[in-house]
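Protein chains in written order, with numbering that gives the first Met the number 0: chain A, 0 to 364; chain B, 0 to 281.
Honestly, the hints are just simulated from the structure, not real lab data. Everything numeric in this text was worked out from a predicted model, so none of it was measured. Among these hints, one or two may not hold up.
[Claimed, not checked] Stretch by stretch, here's where chain A covers chain B in the computed footprint (C-beta under 8 Å, at least three residues):
1. 57-65
2. 91-104
3. 165-179
4. 191-205
5. 226-238
[Unchecked claim] Taking beta-carbon pairs under 10 Å as the criterion, some of the chain A residues facing chain B (in silico):
6. L81
7. F83
8. D96
9. Y125
10. I131
11. C255
12. L256
13. G259
14. C268
15. I301
16. G303
17. R316
Ideal placement from N, C-alpha and C gives every residue a C-beta, glycine not left out.
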Amino acid sequence: MTNKFLANQEIPSFLSALAQEYQVIAPVRRSEVLPDGSSRYSFQPLNAGPGDATGLSAAVLDYPIALNDPKKFFFPAREELLRFQRDGSGQFGSARDLSETIAPPPRALVGLHPCDVAALEQLDLYFGSDRIDPYYQARRSGRLLLVAVSCLSPCSEECFCASMKTYRVDSGYDLLLTRLGEGFAATAASELGDQWLQRLTSLAPLDADREELLTEVFSEIEETFAAGVAFDAAAVPRNLAKGYRDPVWREEAERCLSCGSCNLVCPTCYCFDVFDEVDIAATEGARLRTWDGCMLKSFAEIAGGENFRAAREARLRHRINRKGSYLHQRYGRLFCVGCGRCASACLVDISPATIFRTLEERYGH
Amino acid sequence: MGIKLRHFEPSKVSYLSLPARIESVQKLTRAETLYRIQLCDGRPLGHQPGQFVQVSLFGVGEAPISITSSPTQTPGFELCVRRVGSVTGALARLSEGATLGIRGPFGSGFPVQQLTGRNLVLVAGGLGLAPLRSLINYVLDKRPDFGEVHVVYGTRSPDDILFQRDIISWSTSDIVRFHLTVDIAPVGWRGNVGVVTTLFPRLTVDPDNTSAVIVGPPVMYKFVVRELLEMGVSADQMFLSLERRMKCGLGKCGHCQINQVYVCQEGPCFCYADLADLPEAI
């Protein structure tokens with residue numbers, strides 16, 4: 000596989016080259032400034048589509064974490080499933096399945112951190128197994144270039160990718176950019192990524208010194224994150240099973256506001272609601288889905304009024320077990336990447352990491 | 000033992016429903032109505048007792064409804080619907096000849112193979128009779144395949160009794176023993192008064208060769224299961240149908256999840272012994 004050096008001054012031309020063929024999506028700095036003076040970032044499409052090179056300068060490749068992961072480009076927060084025509088006279092009407100009309104432009108997702116790559120792989124597994132979700136699949140199987148950026152250190156106090164082992168990923172992307180002084184080492188991880196590096200003839204190959212430096216950076220990454228391991232991810236499913244009736248659920252959930260913020264920012268949350276909306280003439284409309292959250296009180300409530308997870312601790316236990324145990328039983332892997340977005344968004348400091356660590360202390364031996 | 004999580008050959012799903020026509024409408028109680036429905040393309044629904052469909056009305060939404068008719072009783076199929084939400088409210092305004100959408104059938108049905116050859120105690124509470132009726136009439140249509148059959152039905156009051164035509168036929172038949180109770184009765188009611196378990200002393204079955212199927216409101220399960228265990232029916236011979244919120248029916252939307260299972264995929268019918276794996280179930 001090809002390795003090259005992407006000097007800082009080459010970044011605009013690199014993005015321009017991508018913009019010839021793709022809609023480029025990358026983290027941009029959001030306008031709001033937080034009380035501590037820091038900024039937030041979110042993934043946004045930069046150009047209108049292939050061939051348009053405007054807007055590319057907004058891309059930020061050195062950033063701590065994006066507010067949301069790129070899930071929204073494959074599983075939008077709100078999307079129409081069907082368009083229907085109603086027939087006023089008690090007749091069913093007719094409908095069109097909109098999954099057949101989904102045709103995203105070729106897209107280059109640039110700047111994903113390893114945890115976001117891992118999350119996307121988990122969603123691929125979920126939406127692509129058993130009953131395949133045609134909407135997700137249509138968006139995901141479009142032409143796509145994934146350019147990841149290595150994390151050199153944890154991005155926040157809340158992130159726990161060190162424990163989840165998602166601070167580095169070996170698959171699920173085409174190119175990896177790793178900060179090396181005044182530029183990035185660009186390493187190919189797929190045939191598509193390799194083709195791109197070969198095409199970018201203005202970029203110098205990674206010389207021996209930089210190769211060596213890159214190896215050092217990777218081992219520094221390993222050391223830095225190894226120091227941050229707070230629990231054993233492999234033991235999470237077992238500890239969750241043993242701790243099903245542990246007081247930790249009540250202790251932590253006591254202060255939960257049931258706001259669902261954790262669900263909203265989670266890159267591996269996929270639950271959705273389905274409902275109808277009609278236009279003002281009530282003759283046509285859409286059946287659509289929106290992201291839903293298992294921490295919201297009404298999530299498991301049925302029409303008759305029974306609520307199967309009425310207690311906050313039941314909802315918290317469900318959410319955390321879903322990440323660390325329930326889906327592990329179905330698919331053999333954890334459905335949490337340790338990005339810490341949920342803990343950062345939580346107004347009362349509830350974090351899966353705290354719960355995983357507590358259960359390990361109580362049941363891990 | 001334990002719940003087997005279902006995996007499928009990967010296949011694309013669709014949220015489109017099949018158009019279906021309401022062939023007849025019969026009001027059963029103040030809140031419940033029975034619809035006989037036929038798919039417009041004339042094909043049979045192809046369901047198993049205990050399965051459910053998503054009923055779709057454009058502009059209103061979809062609701063999961065259990066199938067109340069036995070697959071042995073065709074053409075068409077029946078849904079018994081309690082008017083309680085937006086879709087069921089809109090359904091209540093439809094009459095014969097109207098069309099609606101059907102997706103499904105979904106879920107696992109009652110394990111009829113496993114029940115074959117056994118004595119059956121079929122216990123329904125309230126609207127639980129709707130899904131259970133698909134099994135009761137299936138068993139009665141294949142009567143020689145089963146041992147002694149008891150149907151036990153408890154409901155709130157005489158005004159809430161569902162399927163009175165079926166009940167008259169079950170009560171007067173010598174191939175099934177039917178037991179009825181109500182929680183509250185007006186003066187003049189000559190039947191049993193009390194919760195459904197007050198009928199259990201009348202069940203004269205050999206527990207070793209008996210299977211029980213129970214469908215009712217969540218609060219009922221614990222009491223019924225406890226009584227049946229005391230009678231000697233074993234946990235792996237008890238089957239329940241669980242109600243949960245459902246949006247997709249495809250194992251994707253997450254609403255019906257109980258611990259690691261999706262009720263729309265592994266359920267809604269479960270073996271009681273397996274529920275030891277699912278602390279959230281009942």
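List in ascending order the numbers of the hints, as given earlier, that are violated by the structure.
-> Violated hints: 3, 4, 5, 11, 12 and 13; rest satisfied.
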